[in-house]
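Peer 1: Chain by chain, the residues run as shown.
There are 2 protein chains.
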Amino acid sequence: MPNYAIKIEYDGSQYVGYQVQPNGPSIQSQIEKALRLMAKLPSDEKIPTIGSGRTDSGVHAKGQVVQFNYPATIEPKSLLKALNSILPDDIRVLAAAAVSEDFHARYSAISKTYRFIVNNESFPDPFTRLYSLHHPYPCDLERMQQAIQAIIGTHDFTSFCSTKTDKIDLVRTIYHASIIYQEPYFIFEFKGNGFLYNMIRILVGTILQIGDGLKPIDELEHLLEIKDRNQAGPTANGNGLYMIEVEYEWDPFSGANAYHL
Amino acid sequence: MPNYAIKIEYDGSQYVGYQVQPNGPSIQSQIEKALRLMAKLPSDEKIPTIGSGRTDSGVHAKGQVVQFNYPATIEPKSLLKALNSILPDDIRVLAAAAVSEDFHARYSAISKTYRFIVNNESFPDPFTRLYSLHHPYPCDLERMQQAIQAIIGTHDFTSFCSTKTDKIDLVRTIYHASIIYQEPYFIFEFKGNGFLYNMIRILVGTILQIGDGLKPIDELEHLLEIKDRNQAGPTANGNGLYMIEVEYEWDPFSGANAYHL
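The listed protein sequences correspond, in order, to chains F and P. With positions in the first sequence counted from 1, the corresponding number in the numbering used here is that position plus 5. With positions in the second sequence counted from 1, the corresponding number in the numbering used here is that position plus 5.
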């Protein structure tokens, strides 16, 4: 069956996360349901999909990549339009492409970029409350900018990984980590070869403690050394987190086999 | 009892509208409940409030003004902070002020400004779907800009008023009416001495038909003349509408008696 990839964005507020779970609606279940309706399959059959990675409950995406084998040949433009016509308004396909047989949304990825948005106002903004973490405490940008440098490079991120992980290798490489302030928001950006379960949320929770003056500037270095999740800061709420981009050796959404919204 | 005014913003998505109604939660009921809790009144008593005007179900505000007599003297700063601590995250007090006895949020208003945001993309944006009307048809900005001029000035707006109105005088004065395009959004702005029930939503619904080429450019002039609601366009969905500003002869939120967030 031909292989397709789609780039999607979603407001994760109403979902238990990207991946299918028994306890509520997921992004993946919506995509698979839409594909099943498109392909006119009976309700007990499905078209399995592979996402580039999971996102947690409430986490958003601007560039999640999903891949699947479809039981017919379909133009990327028709695929995009059909899916967008069926999907609920909080999920949108941004691009669709026919890809080679060996393209795999997760294993072929070479890096991922995430953003985390923190609202530093004293009371939350009604219009961004679902799209940013509310952190109403005086928070020092320079302290955070200095602290975050420690994670750039290759490190064992045990301290920043949920103890619920099933991964054994907790070493990851961070290519880029930055924080800017666009009043009244702190905007964190992380690019790496991979991220562990809750890793960005724990990093942000810890860096905010450094910004608040509750922890020293070299706290991240210390935590990377001691490899103990219990010593790191809290897991920041997922509503501030966005999966922004997934990079592949060869961009599946470039060239003549791709269609963009 | 001393008289207070607050300026509030809200995401109207989860409400039946500004005004208290039997069929669901309203902005007004949330404000009155918060005031009751602040004043430690029993649950069968209340502090009645007066809004500058109603907003419909799903309609948002960036500058609604609400006024009430409070059973004690309270600093505007304390009033703002106490209310924001109690109110749900989709309503926020932007300013609070002690006002003179004769200030009335509705009768003292001399003009109101509304904005209406229309997303002209082919599929709705997951992140703005609750905050803009989705209109995916090719729509001519210049036609709409030319057409909207007809409503500026003093007119009988019978054609643009819900037949459910209880008002007798349907003459209103429009000081400003404009449309700009900020890709991919059309942004309508209206300022007038008052607006009838559903007036902006019917105006936008009709102007979009003109932009789409379904109605001639002079359609608004024609409708103002014939005074017949049934001949005007559809009532555009309220999720694109924002109450932006209420103006008073004397700004209650200026001066030493006011506190801003």
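Hints are not guaranteed to be accurate.
Computed spacing ranges between beta-carbons, pair by pair [unchecked claim]:
1) F:Ser259 to P:Ile157: 47 to 53 Å
2) F:Ile192 to P:Arg111: 37 to 43 Å
3) P:Pro239 to F:Leu219: 52 to 58 Å
These aren't lab readings, by the way, just hints derived from the structure by calculation. The beta-carbon is built from N, C-alpha and C at its ideal position, and this holds for glycine as well.
Peer 1: Please go over all the hints and tell whether each is borne out by the structure.
Peer 2: Quick rundown of the hints versus the structure:
1. Range check, F:Ser259 to P:Ile157: Cβ separation about 49 Å, and the 47 to 53 Å hint holds.
2. Checked against the hint of 37 to 43 Å, the C-beta distance between F:Ile192 and P:Arg111 comes to roughly 40 Å, which is consistent with it.
3. Between P:Pro239 and F:Leu219, the C-beta spacing of about 55 Å keeps the proposed range 52 to 58 Å intact.
In terms of the numbered hints stated before, the structure departs from none.
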